[in-house]
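Using the sequences and the hints given, assemble the complete structure.
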Amino acid sequence: MRGNLVVGGTLVGLVVVTALVSFVWTPLDPQAVDASVRLLGPTSDHLLGTDKFGRDVFSQLMVGAQTTLYVGIVAVGLAAAVGVPLGVLAAMGPRWLGELVMRTSDLVLAFPALLLAIMLAAVYGASTLTAMIAIGVATVPAFARVARAGTMQVLSREYTLAARAGGRSRWWIAWRHVLPNISGMVVVQSSVSFAMAVLAEAALSFLGFGTAPPTPSWGRMLQESQELLAVDVRLALVPGLAIAAVVLGFNLLGDGLRDRFDPRLEARR
Amino acid sequence: MTSTADSATGDVDAGEGPIVAVRDLERTYRGGVHALRGVSLDVPRRGKFGIVGESGSGKSTLVRLLAALDRPTTGTITFDGTRVDDRRDRDLGFLRRRLQIVFQDPMGSLDPRMRVRDIISEPLGRTRGRDERVAELLEAVDLPADAGDKHPHRFSGGQRQRISIARALAPRPDVLIADEAVSALDVLVRQQILDLLTRLVDEYALTLVFVSHDLGVVRKVCDEVAVMRRGEIVEQGPVDEVYDTPRHEYTRELIAAAPTLHGALSASPTPASTEPAQPES
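Just so you know, the sequences run in chain order L and R. Numbered according to this note's numbering, the first sequence spans residues -18 to 250. Numbered according to this note's numbering, the second sequence spans residues 6 to 286.
Since the hints were made in silico from the structure, they are not lab data. Small disclaimer: the values here were computed from a predicted structure and weren't measured. Where a beta carbon is used, it is the ideal one built from N, C-alpha and C, also for glycine. There may be inaccurate statements among the hints.
Footprint (simulated), chain R over chain L, 3 or more residues, beta carbon under 8 Å [said to hold, decoys possible]: (1) 61 to 71; (2) 142 to 149.
From the structure, some residues in chain L lie toward chain R, with a derived Cβ separation under 10 Å [said to hold, decoys possible]: (3) 25; (4) 157; (5) 161.
Structural data, given as C-alpha cells:
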C-alpha cells in the first residue's frame, strides 16, 4: 500500500518540521509562567490554551516534539549501532558466538524495558539521557534479530559464494554484500522501533523517570494534566493526540517501507 | 611476496598430470546426510570435463569442495599438485585466482545492490587497471561498454550469465567451473551462452569443468564425463564412449530419459521462455 507510506511520511514529516521550527521560533516562551492566564481555553494568543501555570500549551507541544525526536533518534541509533553489527556477527561468526548473541538478546527481550529504565533512573537519576539509554538497550535485540535473519538470507545467495570464490574476505562480504542488502530491513525496523521509543519515552516521563522539568516533554504534559482531567480534558488530549500521531506515523511509515523493500518486488524496481 | 602459498605452487612441477585430482572424497553434512560417498576423479589439463547427475546427486557439493568453499569429511583434493582441501581461506589465494565458478542462478549470483563494474572486478580486489580490465571483459562476453554502470536487474537472464562469466574470467583463471551455468536459461539463450563459454574456454586455453543435469548439453560441450548418482560416480570416461556404450544401468536410464539437444532445439520453447501459447501436456 502506497497510502501507508504517504500518511506515515506526512505525520512524521509534520513532527520533524514542528521540532525544527521550534528551535528558532515558538509563539510564546514555552516555559514562561504567568498566573494571570492559568487554564485558559484556546484564544488567539494561546492557540491551544494554557496549562495550570499559565504556560502556552502550543509552544510546549512544539518544543516537546524536540524531546520526542531526540530520544527516538538517540535510542534507535544506539540500538541499531549495537544491534546490527551483533546480528551480522551472530550470523557470520562461529556458531558459539551466534548462540551467545541470540541467547543474550532473548534475555534482554524477556526483561521489561520500562523496568530497566526505572532501574537506571534509580541508579543514575531520572533524565532524558538515562531514558534514551534504557530504551536503546532494550531495543538492541530487535535489531540484532533482524540483522541476523537478513545476513543469513544474504549468505544463502550465490553472490556471497562467488565473492568467496573470488578470494574476498569475510569483512569484504559483510561490508560490500551483507550491509547494503540488509539496509532496507534495518530502515524498516528503525521506523517501527522509533514508534516504540516515542511511546516508551512518554511513559517514562509520565511516570517521572524520563525528561526532567522544566524541559517540555509530551509524556510529562500528559502527567501534569492528570489531576485536571475533570477540569479540562484538553490538557490531556493535546499531548495524547500528538503521541498517538507520531506512533501511528512511524508505524505506518515502517509498514510502507516494508512493502517498498519487499524482496519480491525487487525485480520491478 | 603476498603469501607462502604462491611460492609453494611455484615449486610444484606445473604442466604435468591432471590439474585437479580428487581422491576418495566424502562429505557428510550435519544430520547424517551423505552428500558424497567416495568420489575420485582427475580433471585433465585443458580438458572439458563434464559432471552429470540429477539434482541431489552431490554435484553441487562436489563443486563447492573443488573450489575449496567447503571442506570434505574425508579424502583429498589436489589442485596443480597442491593440496587444497585442508587449507584455511586466507591460504587459498592462489586457488582463488586460478579457479573460478560460473553459478547457475542468473539472479542470485549477482548482488542486486552492486554495479556490474564492481561485480566483475570483485575477484580482482584493489588492483590497478581495474576499469581497463572490466572494459576488456565486457567486450569478451559481448556486452555493451556502458553495461558496467548499471545494476544487474537491468539485464536479461542471458546477459546476467554473461556478467557472471566476465567475473569468473577477471582474475585470468586456468580452470572454469560452470555449475549448471545454462540450466536456468531458455533454449535459444542457452545455446548462445554455451557458444560463448566454449569459445572463451578455447580462446584462453582454459580447463572447463561443466556440471549439469542435462546430458545433451554435456555431450555437446565436453570430451570427458563422470556420471554421478547419490554421491557416487557410477561411470566415467570419454563422452562418446559413455554415451554410445553405457556400462552402468543408471547411465542407460539417464540417456533414455533425456531429450536430445537437437530435439529440444527444434521443439517448442520451454514454458519459462518467450511464448506460453501452446497448451502443455
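Hint check results:
1. 61 to 71: violated (count 0)
2. 142 to 149: Since three or more residues must qualify, the claim that chain R covers the region 142 to 149 of chain L holds, with 8 doing so at under 8 Å.
3. 25: With a minimum Cβ separation of about 54 Å from chain R (threshold 10 Å), the hint on residue 25 of chain L is violated.
4. 157: Since chain R brings a Cβ to about 7 Å from residue 157 of chain L, closer than 10 Å, the hint holds.
5. 161: OK, holds: residue 161 of chain L within 10 Å of chain R, min 4 Å.
Of the numbered hints stated above, those contradicted by the structure are hints 1, 3, listed in ascending order.
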